[in-house]
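Peer 1: Spelled out, the chains give:
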Amino acid sequence: MRLWSRVPWALGLVALALFPVVVTNPAYTTIGVFTLIYMACASSWNMFSGYTGYIALGSAVSYGVGAYTMALVSIHANMAPGAAMFWLAPLGGLIATVVALPIGAIALRVRRHTFVVITIAIFFVFQLTAINVGFTGSTSGLILPFISWNESYYNLPFYYVALGLVIFATALSALVRRSRFGLQMLAIRDDEDRALGLGVRTTAVKLTGFAFAQFTIGMAGALYAMFVGQIFPQFVFDPLFDVSIALMAFLGGLGTLAGPLLGALILESFQQWLTLSFSNSSLYLILFGALFLLVILFMPQGIVVFVRDRVTRRAAREKAAVAAAETTLAGSRA
Amino acid sequence: MSGSALTYAIVDGVLTGSVYALMATGLTLIFGVMDIINIAQGIFVVLGAYLSYAIQVHWGIDPFVGLLITIPTLFVVGIVVERAFMARLKGPEKTAMSILVTYAVSLLIEGSLNMIFSVNDVQINAWYVNQSFKLFGVYFAYIYVFGFIMAVVLLAALWALLYRTRFGASVRASLADQTAAALIGINVRRVATICFGIGTAVTAAGGMVFGATNAFNASSSYDLISRLLTIIVLGGMGSLGGALVASIGMVMLEDVVGVVWSPIWSTMTFFIVLVVVLSIRPQGLFGKQLARTA
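Chains as they are written, first to last, in this note's numbering: chain A, 5 to 338; chain B, 399 to 692.
Here chain A stands alone, though its shape is the one from the complex (with noise of 0.2 angstroms):
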């Protein structure tokens, strides 16, 4: 990779870490806060479903598992209300992966349109199990351990963990992107049974790809019920975080590296933004699904690929312009 295009994800990093410093304003640093854990979450996403072009539409499972890993064992086990908690998130995104191998193993054995459709099917399993068993606290929700951290700074350390793990999630998602398990997953994607007819062990990596994007939905998970405090089955097994971090990662860019994280950081924000300033949940279902319209009807490849298209179309246009004038130089000396 070439210096100057290292600037802007340097660029961005400075800005994201100096957000929260900047705007001190904890209705804004929340908005942050909840940006960064879905920025995580729509990158790992890509990190398969990018990839291999196998669209999941059950991760919402992992942040489930993840939020209730972090409930359910703080609260068993005792723990002092603390940052020692945060400990409990990669506990989160291992239960997770766990959780998604059985998962991937049968939903990974259609190819994509019914996996789509499979993969909402098992959502929906863990969904209506976690409002009907006990032990999630059913419809009236889990309580976590009350962290009685200054209101003014409260959501500075979530917020730089969240960041921690966006930064995780991209640096483990470029490193995949440029190994031999990554070319295989593109291979996946562009053309299965070529792949397969390479040797490529199609099976294996789709699985393995599958429950490696689980982890770091699982950490944001277990994050997101540390920092909110008290989960619902309803709202951590949410339809709308699976098509949510589905549309960030379309939105940006399906398959790239800044895409999802692009993605994430417009809608989320925007999001949370709409939610503040209209009470109104009705309008907000409007504007939100015409966005979303817009969005896929006129830039379906994504902003990335968009902007990326026009700068090397500009490129090639200079280049040739250049060349041109050359050639009408070399013709006039000649």
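Incorrect hints may appear among the rest.
[Stated by the list, open to error] Sample of chain B residues at the chain A side, in silico, Cβ under 10 angstroms:
id : residue
1  : 478
2  : 482
3  : 487
4  : 488
5  : 489
6  : 494
7  : 499
8  : 502
9  : 507
10 : 512
11 : 591
12 : 631
13 : 663
14 : 681
Simulated from the structure, these hints should not be mistaken for lab results. All figures in this text were calculated on a predicted structure; none of them were measured in a lab. Quick reminder that beta carbons are idealized off the backbone N, C-alpha and C, glycines included.
Position chain B relative to chain A; hints supplied.
Peer 2: Same frame as chain A, now just chain B:
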């Protein structure tokens, strides 16, 4: 388990299942012809129910007579949605994009319905909803039978359209192979638009019965769409007969589980059966085996 409970499960499976079959047929037809998964089918059902409810409350028109208004209305809604959004989808990610686009359409309609009708549950009311009769020792409201008759009539009409007309031949050709159909001169684009319209129009009828047998609001669409998707995957995506068999089979099974175990778990059975069947037969009960990556 008592005999009458089992009878109830079977009779209800056939009666209610046929209404689901109508809605699922629309969904599987759209998928088969266009490779589009229409997530908005759930909200279209609810929209159909609200339309029937509104014309009954405001104009005093009986819901069954009202179908003469609501079915064409939803046909037009389907055509508009197809022309405005679906027709623009292209490329290898078309199916995935279609899920997102129809989901967005669904959110738009859900928000609008919430604004117009509020989020409080309503139910369509008529004499045949309140009065019941006894069948094999079990009481049924007349609406179940009327709904069943309506579903059978409409399914038969659909069958006649698909298997006895020239247009139907084009549809079936497009279902079998879109490229080949286009090569022999079928206007696949036009077939697709009309099929989307038909697939949406049937929800008006299904929605009316749904709205008379259940209290509903706009968010009922989530439950509906997850059931309908399960049914068409189970039957084999794009298979019309599969949708019929899976609808009746699943509603029956749900009732049986509800009776012998608990209604809480009956919905979950739906999804567990799906997972089990697909582990054994990934293409669904009547689905075509895919030779190449689709």
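Peer 1: Name the hints, by number, that the structure is in violation of.
Peer 2: 1 and 11
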